[in-house]
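*Asks:* Read off the chains here:
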Amino acid sequence: MPRFPLLIFALLPGLALAQISAAQTIEFNRDIRPIFSDRCYTCHGPSSTTRRSPLRFDTEEGAKQKLANHFAIAPGKPAESELLKRVTAGNSPLRMPPVSSGPALTDHETDLLRRWIEQGAVWEKHWSFIPPKSLAAPTVSEPSWVRNPIDAFILARLDKEGIKHSPAAPRETLLRRVTLDLTGLPPTPAELDAFLADNTPNAYEKVVDRLLASPRYGERMAMRWLDAARYADTNGYQTDAERYMWRWRDWVIEAFNRNMPYDRFTVEQLAGDLLPNPTLDQRIATGVNRNHRGNGEGGIVPEEYAVEYVIDRVDTTSTVFLGLTAGCARCHDHKYDPIAQKEYYQLYAFFNNLPERGNAQKYGNSPPFIAAPTPPQQTFLKDFDARIATAKANFDKLESAISAGLKAWKPVRGSQWFTARNMMNQWSADSTVFDGTHLRDLGNNANFSFQDPFTLSLRVNAANPDGALITRAKDEPEGAGYSLVLANGKLQANLVLRWLDDAIRVETTTDLSLNQWHHVALTWDGSRYASGVTIYVDGVPQPLKFNLDYMNQDFRQAKEPLRLGAGLGTRFRGQLDEVRIYRNALPASEIQLLAVSDTLDSLPVTSEKLRRAYLDQDAPTNIQVAWKTWLGLTEDRAKFAADLPTVMVMEELPVPRDAFLLQRGSYERPGQKVTRDVPAALPPLPADAPRNRLGFAKWLTDPKNPLPARVAVNRFWQMYFGTGIVKTVEDFGSQGEWPSHPELLDWLATEFIRTNWDVKALQKTIVMSATYRQIAKSTPEAVEKDPTNRLLSHVPRFRLPAEMVRDQALLAAGLLVEKLGGPSVKPYQPAGLWKELSGGEDYPQDHGESLYRRSMYTYWKRAAPPPMMANFDAAGREACMVRENRTNTPLQALDLMNDVTFVEAARRVAERMMQEAPPADRLAYGFRLVTSRRPTTAETGLLTNALRYNLDRFQTDPTAATKLLQQGESPRAPKLNSSELAAYATVASLILNLDEAVTRQ
Amino acid sequence: MILNRRKLLQTAAGTAAFANLLRGDDAEGILTAPHFKPTAKRVIYLFQSGAPSQLDLFDHKPLLEKLRAKDLPDSVRQGQRLTGMTATQTAFPVAPSLFQFAQHGNSGAFVSDLMPYTSKMVDDLCFIRSMNTEQINHDPAITFCQTGFQLAGRPSIGSWLAYGLGSENKELPAFVVMISQGSGNLSDQPLYDRLWGSGFLPSRYQGVKFRAATDPVLYLSNPPGIDGTTRRRYLDDLGALNTINQREFNDPEIAARTAQYEMAFRMQTSVPELTDLSKEPESTFDLYGPDARRPGTFAANCLLARRLAERGVRFIQLFHRGWDQHTNLPKQIRGQAKDTDQASAALVQDLKQRGLLDDTLVVWGGEFGRTVYSQGKLTADDYGRDHHPRCFTIWMTGGGVKRGLIHGETDDFSYNITRDPVDIHDLHATILRTLGIDHTKLTFKFSGRHFRLTDVKGRIVNEVLNTA
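Protein sequence lines, in the order shown, are assigned to chains F and R. Anchor point for the first sequence: position 216 equals 215 in numbering that gives the first Met the number 0, and the numbering is continuous, going up by one each time. Anchor point for the second sequence: position 438 equals 437 in numbering that gives the first Met the number 0, and the numbering is continuous, going up by one each time.
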């Protein structure tokens, strides 16, 4: 049987949307530009490099100019228009487009061109570059149906095509639809009952207001923003290790929930850091421009990827806010839209000015990033600070007692003191003389990883300008590991996995004097940057020369011992003593104390070392307690702060980085230098706007900019109707599709701006419309005239997005754990999926609550996305994606039937059926939990038979029942009969697999 | 499935594709008539991930022995970009291969003693010694090989084929992927789901990974306690319930969903039947080697590839990891060669015996080559090789490819190509050509642009095809 008996009409050019009768006026933008763009622009378009002749169809002058002895387009005179001759030239060499570059224009297309020329060949600027006009709602055949202007625009168009609108959906259907659309979850039975019982005229509006106020709303709205912003939990290239951007993700949820106006939402994400006195939240917001992938593969050419990151920002920004495929202009002038290659790089110049490197960190966040404490952590920090202040005050009160005590203190003659806080080990070498062959093996100590801060402190009396002091590294030249060595008289610190390309190697700029005792210390803060290394000589930090500053992977050498006086194949000559290892990077003040060699009894009373020794050893208990309390709190705070979540952000370099046009888009071929600017086809940057990201963001949100409001409302529209008013939500250029309702799009856009970009108000306007409230059933007449339902004579049915398929099952099962935000979680996933790709660690699945969080919190590994999400068409998160994709595959069927997530959910739905409903109502109760309605008699009959069949089977084979009920980590209800529960679980699975269950209708 | 009209028109086959739509047949591709007469119906791509050293396997360079440990002349290197791993190396010592080369067959092709089985079938193969790529790092290079573009986001070869040609089998996906870990370098380069992803094509064209696990396809098995009979009854009930809704809403998607459940059910039988090797005769395992009994090995995957080819699966993509020999090459590459040599040869011979080689294109190769100079220390019995994009060797056979041919040539250092270069786009264009597709005409409009596998490039290497 033909599946689409009438689809042929949709396939004939122009009929679906542009059913144009002979008498109708041809509209250039609707009817003609798409032909020019798709069929002619490649050689006769905006790109100067690919243009084959002066004739061009992207500008009116170009198209209507006099050519050698004719006109391509002679307005009003089809017979004199060369264009028509050429496009109808059959297979002749004169035909345009040439046979080699594609098929001939269809009869319909040539007919449109002819009539357009007959009618005077009226030219229009591309529609989306003309600012939207707020039009009065049109008059319609049935004014009583109109609830708000949306309906007038929709109905006017239906009237024109002679199609009827549909009646309102049943209340249960409507409640399910709006609850899914606004919160991503279906209504509960109680919510259904309450709505069905509410006979007040504004019952529906009350529901809408309730849903918009729910925290679930922010989560739902964030889902698609995360796709657009290519949010993920890993870096995306090669090793694809973890990064931490969830604080940005939570910012998005919060912004939607607080109903941040869309213009502010835009400005804060693009340029929050450039606002006056930016708040932490405003800086976190800028993470959107750091969500792109980052390459930490060894051996890459950093310049190449530094360019890719900027390109990604420009392309994402232009897709998300401008609906333009600017990326086409990376290598050459845009072939369809007025974006010259130079203009592309002028946009690029807004986004290349941050202190980042092309070689990203393989593990974790790459600079610039900031600590981004959560609100509870911020409170905790404040509390910490208060406690530290109190502890300090308590200690300060004891100052006179301390001074008095110090004056009276007589330390034992020859006694020493050094700080023992955080010390891991110490060795004295007595007077061992290292003779250049000797080494001292200090065993398995100081086994630091690259992210561990540490301090090495020792006294050195060198007889020779070369030789290792202390190392935990391979004992060979350029050996991997960490080392502090003397090389050519200089002190060198080497933190090395690969000497040439994965290491921090620094050295002092002056020689360490020989045959003389010095105190030498190395501190490492675990930051993975050379700036995190300090070398001290006699307590003074030394200027350092960076030999290499690129640390990507761990230098730890677990199999090597800690060696004194040896390493990297060298041996020290001289004496070494007082070796101390600390598990933190001691501050300069502490290193200074370690450098003091005098014994306590020889120190003046003003000496800090003496004071510290007193506080540590000899002061009365109350003083020692006050001192250690203060110190301990300070250290605890530092530890707490070091573990705070971080997020990558945008920052501006003080001196702007130059930007160049990159010929053919290649980092290796910089051409002319460019300055920041916006494409000439769009309004100019406001005169008073700074020429940076902030100015750019303000330009985007300037009501004079024709694109951003349209692009935004269109994407929201897509959420409710499955398709945008402009179907190509990512492309409002001349290759994009003509809007199904241009006036409606403009009304929505202007209304959005008029209401100060009120996002919730816009959602409310859409869902309050009669259009949205129609049933989701087509009529044969509607299908005949508008087979793809672009005119919305009824509401489209479409499969739920991946997140909602799972979240709905968890909610119906009573398993859903609702908690806003936080680090991503790792629910069930078949074993081995990570390991078979990379051979390394497999997916470490979580347990408990983390199994049941909303799907938007599922850990997104770019190399191996969550399989259920991938099966259900979730966006890939590699690059910006704004179009919603839906396919229908057998893998989805297997997933919904057999994935433990859904097997467990079915069992839990079954438990609810048996525990929460009287026996006669169980099937209907379960059916309603999932579909939000009661089954019909026919459906009840089928479900009852299915239950009977399964009951019989599981009673015959109770082991099968037990096995089925063991699936999933949540405990089963122990008191329920296994066979019965298994039978209900099977029916519950059936319900979860219904087309209706996974469909928004 | 709603197709937009431009997508149909751009194929110049709108009417015919429309006919498919009417058949309601999702297994059909967008092309209804080939652009050329096809010489292959399906492809088996034995991808060697990590980049095998052409210098130690196929590209014999006898002069190197004389230059052993000497610095690579600048005249050869020509300032070409190197990876950050060796760019700052102070010397680039020439490292001749430790392995013995000999000429084989009538074609006289050189193959090293690492590949004794491959050596015996050189007259069945077409070697392309002049492959080259733009990318010097694994991630972008593999992505480039599989999708025609170095950054993530484009459809993979198999997705393009599934989109263009559909499936010949109603019970198996059109595009199947299998992965094995080599014994050479255990911590070798990772792979990514995107390498068989559908990019901007609808996700039903993505490759389906067959795994050496309880479930060869994710979620294939019924949960414990649900047997086939129960599942059949379940699907009948599901179909009946969906039909009620179908009558109510008159939405063809509902019937389509029910049909996908039926396809899923068929896969539950056809996939285990496919992966069950117990009925293969002893002679099969003699041919493929003992590894073929161990699920998840390259040999087992080669055997499965033959079984998939027999069943008409369009694109069978194997990935064998472990070829990234930066250091310790002589030892590691022995392991890799042992993993792949016998099974690759067995697959070709097996296809040949069964008459399948004539319409199956087999491709063997990695993402780039390796340097003639040693990365790290060169010793008498040890060296490493860094990434080398400027030349590498692959082989192809079957499906219209000339056999016993050596195409392309490199200089004495296997550093630069001296004759008949073939780049990745050319390879893609050629693969599509064997399947009857003009690479410039299989396109998909996304973000305002008509994308194709070969981007804006690609030249069919007619010299290696019988059709030329």
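Possibly wrong hints are sitting among the right ones.
Claimed, not checked - Straight-line Cα separation of at most 25 Å, DMTMM-like style, residue types lysine to aspartate or glutamate; simulated pairs:
#1 R/K376 to F/E26
#2 R/K444 to F/D500
#3 R/K444 to F/D30
#4 R/K376 to F/D30
#5 R/K376 to F/E559
#6 F/K834 to R/D214
#7 F/K776 to R/D437
#8 R/K376 to F/E477
#9 F/K341 to R/D454
#10 R/K36 to R/D73
#11 R/K69 to F/E559
#12 R/K444 to F/E475
#13 F/K784 to R/D250
#14 R/K456 to F/E667
#15 R/K69 to F/E26
Because the hints were derived from the structure by calculation, they are not lab data.
*Asks:* Now look at each hint and say whether the structure bears it out.
*Replies:* These are the hints, each one checked on the structure:
no. : hint             : result
1   : R/K376 to F/E26  : 71 Å, violated
2   : R/K444 to F/D500 : 41 Å, violated
3   : R/K444 to F/D30  : 19 Å, holds
4   : R/K376 to F/D30  : 68 Å, violated
5   : R/K376 to F/E559 : 21 Å, holds
6   : F/K834 to R/D214 : 16 Å, holds
7   : F/K776 to R/D437 : 42 Å, violated
8   : R/K376 to F/E477 : 12 Å, holds
9   : F/K341 to R/D454 : 22 Å, holds
10  : R/K36 to R/D73   : 47 Å, violated
11  : R/K69 to F/E559  : 33 Å, violated
12  : R/K444 to F/E475 : 57 Å, violated
13  : F/K784 to R/D250 : 16 Å, holds
14  : R/K456 to F/E667 : 20 Å, holds
15  : R/K69 to F/E26   : 72 Å, violated
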